[in-house]
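Student: When you get a sec, could you build the whole thing from the sequences and use the hints?
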Amino acid sequence: MVLATRSEFIAKSDNISRYDTVTSRIPSLKSHFQNIWWNCSSDIPSFINSYTRTEQFIYENKSDKYVDQLFRQIDFQKKAPEYQETIEAVRQVAAEFLQESFHIPPHLFAFIDSCGIYDSIKTFFILSRKFDPDISIEDIYQAGRNVITANLIQMLLGLPVRVSPSIFAYSMLYPYTDNYLDDPSISSTTKYAFNMKFLKRLQGEMVESSNPNEKTISTLVGMIESEWDRMQYPKVYESLLSIYQAQVNSLSLVSKEISPFEKDILGISFEKGGTSVLTDGYLIAGDLTLDQEEALFGFGAFTQLMDDLEDVHTDLIENRASIFSTTSHFCKLDRLFNRFYDFGHIVIQNLNAFPGKDVQLLSELMTTCIDPMLLTSIGQAISYFNKNNLGTYEIHMPFHFSFLEKQRQKVIKNKKNIERFLELGLIS
Numbered sequence: 001m002v003l004a005t006r007s008e009f010i011a012k013s014d015n016i017s018r019y020d021t022v023t024s025r026i027p028s029l030k031s032h033f034q035n036i037w038w039n040c041s042s043d044i045p046s047f048i049n050s051y052t053r054t055e056q057f058i059y060e061n062k063s064d065k066y067v068d069q070l071f072r073q074i075d076f077q078k079k080a081p082e083y084q085e086t087i088e089a090v091r092q093v094a095a096e097f098l099q100e101s102f103h104i105p106p107h108l109f110a111f112i113d114s115c116g117i118y119d120s121i122k123t124f125f126i127l128s129r130k131f132d133p134d135i136s137i138e139d140i141y142q143a144g145r146n147v148i149t150a151n152l153i154q155m156l157l158g159l160p161v162r163v164s165p166s167i168f169a170y171s172m173l174y175p176y177t178d179n180y181l182d183d184p185s186i187s188s189t190t191k192y193a194f195n196m197k198f199l200k201r202l203q204g205e206m207v208e209s210s211n212p213n214e215k216t217i218s219t220l221v222g223m224i225e226s227e228w229d230r231m232q233y234p235k236v237y238e239s240l241l242s243i244y245q246a247q248v249n250s251l252s253l254v255s256k257e258i259s260p261f262e263k264d265i266l267g268i269s270f271e272k273g274g275t276s277v278l279t280d281g282y283l284i285a286g287d288l289t290l291d292q293e294e295a296l297f298g299f300g301a302f303t304q305l306m307d308d309l310e311d312v313h314t315d316l317i318e319n320r321a322s323i324f325s326t327t328s329h330f331c332k333l334d335r336l337f338n339r340f341y342d343f344g345h346i347v348i349q350n351l352n353a354f355p356g357k358d359v360q361l362l363s364e365l366m367t368t369c370i371d372p373m374l375l376t377s378i379g380q381a382i383s384y385f386n387k388n389n390l391g392t393y394e395i396h397m398p399f400h401f402s403f404l405e406k407q408r409q410k411v412i413k414n415k416k417n418i419e420r421f422l423e424l425g426l427i428s
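Taking my numbering, the leading residue of the sequence shown gets 1, the next gets one more, and so forth.
Since the hints were made in silico from the structure, they are not lab data. One thing to keep in mind: the hints can contain errors.
[What the hints assert, rightly or not] Capping the alpha-carbon separation at 27 Å, the derived lysine-lysine pairs in BS3-like fashion look like this: (1) Lys332 x Lys122; (2) Lys122 x Lys263; (3) Lys387 x Lys410; (4) Lys122 x Lys387; (5) Lys416 x Lys406; (6) Lys215 x Lys130; (7) Lys332 x Lys406; (8) Lys416 x Lys65; (9) Lys413 x Lys122; (10) Lys197 x Lys215; (11) Lys357 x Lys62; (12) Lys332 x Lys263; (13) Lys263 x Lys191; (14) Lys416 x Lys130; (15) Lys191 x Lys256; (16) Lys65 x Lys357; (17) Lys332 x Lys416; (18) Lys215 x Lys191; (19) Lys62 x Lys416; (20) Lys122 x Lys415; (21) Lys65 x Lys406; (22) Lys197 x Lys130; (23) Lys65 x Lys413; (24) Lys415 x Lys130; (25) Lys200 x Lys215; (26) Lys62 x Lys410; (27) Lys62 x Lys415; (28) Lys65 x Lys415; (29) Lys256 x Lys332; (30) Lys130 x Lys357; (31) Lys406 x Lys387.
Tutor: Okay, structure coming up:
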């Protein structure tokens, strides 16, 4: 099947949301997914796979061998000039490990290899370094997560997988804005002035830059403007304003002892995650159908909850309210996780709103991976779950939670080598 061009895709859409603004749609989208959330089950889910303790120990022994082999490759990388050859060997080892441990069929790995995401990530890395030679690998990783999300949306829409100017710019915006706003050396007054200039720039005004960071932000917005005419594609810019407003609203969740009866914690989280992915969709397609808006908003809400569960400990330290950090003050997270699990499975069923030829493969891949992803997130918040229930979740993973933590510590210990390896491999 020939991939549709962006103009062909827009022309073929039969229920494009041409009359409502993106901003006016956000409350109904948020309400829709909150209703889904409250109708989800908090009972123990029916997971796809189960493992005996013996099987788990076998998988853990194999995992140790795979991880050690990966780190040996990385050490070899430090001395070898054949960067691409080495990173290809690591990819093969990682693929074999994931395929065996998480029952990912070979045809799905073949799809991952051929869909273009790896080349897109490599392109994004090179462009990031060209745009800013001093950008950290952590910031590239943060921005690169959005590039992967955008690539998935491109496949869902039947569009070529690539790093467009808009996706590059949008992915890079938030490391720069977040780092600036998180810098304790910058006064609140200066940050407020920066936010107002950022808003005006998103609205299309040409503002005078007071520092290099503001100039960078303006340049990135200009990249989006070079691809999408403001008059012809107004919803692209409405979506950017919607994520800006959602980010501003989320700042209200950073405070001590916020009550869920004081702030709509779930709604604010859904709005932040939902508008983030919805904006990806508009930056890719220019316009979306109502069903596609809904599917992308829901997926963004789900991924935001995933981040919130993994960050529950950090959020508690930093007095940031999420449904998980707030709940952890008065009870364990088991039943909340069960509801989250049900919500996630409902959300990924919305993929049928898209016309891409690879939708079936993507749906199969997400269905295969969602259980391991969700269960692994428990391992990163294990102290907030009932110890008596951990075994109920653990038997559906090929590894014990304690083993996953051990492997995570290995990764942390080898972090610098891993970062150098990725950098050399991706730019070679």
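Student: Compare the structure with each hint and give your call.
Tutor: Each hint tested on the structure:
1. Lys332 x Lys122: violated (41 Å)
2. Lys122 x Lys263: Distance ~41 Å between Lys122 and Lys263 Cα, so the pair is violated.
3. Lys387 x Lys410: Holds, because 24 Å separates the two Cα atoms, which is no more than 27 Å.
4. Lys122 x Lys387: violated (42 Å)
5. Lys416 x Lys406: Satisfied, since the Cα-Cα distance of roughly 18 Å is no more than 27 Å.
6. Lys215 x Lys130: holds (16 Å)
7. Lys332 x Lys406: Measuring from Cα to Cα gives roughly 23 Å; hence the hint holds.
8. Lys416 x Lys65: Status holds; Cα separation ~21 Å.
9. Lys413 x Lys122: Holds, at roughly 25 Å.
10. Lys197 x Lys215: holds (11 Å)
11. Lys357 x Lys62: violated (36 Å)
12. Lys332 x Lys263: Roughly 21 Å between the alpha carbons, so the hint for Lys332 and Lys263 holds.
13. Lys263 x Lys191: holds (24 Å)
14. Lys416 x Lys130: holds (22 Å)
15. Lys191 x Lys256: Judged against 27 Å, a Cα distance of about 21 Å means the pair holds.
16. Lys65 x Lys357: violated (38 Å)
17. Lys332 x Lys416: At roughly 35 Å apart (the allowed maximum being 27 Å), Lys416 and Lys332 break the hint.
18. Lys215 x Lys191: holds (15 Å)
19. Lys62 x Lys416: Roughly 24 Å between the alpha carbons, so the hint for Lys62 and Lys416 holds.
20. Lys122 x Lys415: holds (19 Å)
21. Lys65 x Lys406: Status holds; Cα separation ~14 Å.
22. Lys197 x Lys130: At roughly 25 Å apart (the allowed maximum being 27 Å), Lys130 and Lys197 satisfy the hint.
23. Lys65 x Lys413: holds (17 Å)
24. Lys415 x Lys130: holds (23 Å)
25. Lys200 x Lys215: holds (13 Å)
26. Lys62 x Lys410: holds (15 Å)
27. Lys62 x Lys415: With Cα atoms ~22 Å apart, Lys62 and Lys415 stay inside 27 Å; holds.
28. Lys65 x Lys415: Within the cut-off at roughly 19 Å; holds.
29. Lys256 x Lys332: Answer holds: Lys256 to Lys332 is near 20 Å, not above 27 Å.
30. Lys130 x Lys357: Violated. Lys130 to Lys357 sits at ~33 Å, over the 27 Å cutoff.
31. Lys406 x Lys387: holds (18 Å)
Checked against the numbered hints above, the structure violates hints 1, 2, 4, 11, 16, 17 and 30; every other hint is satisfied.
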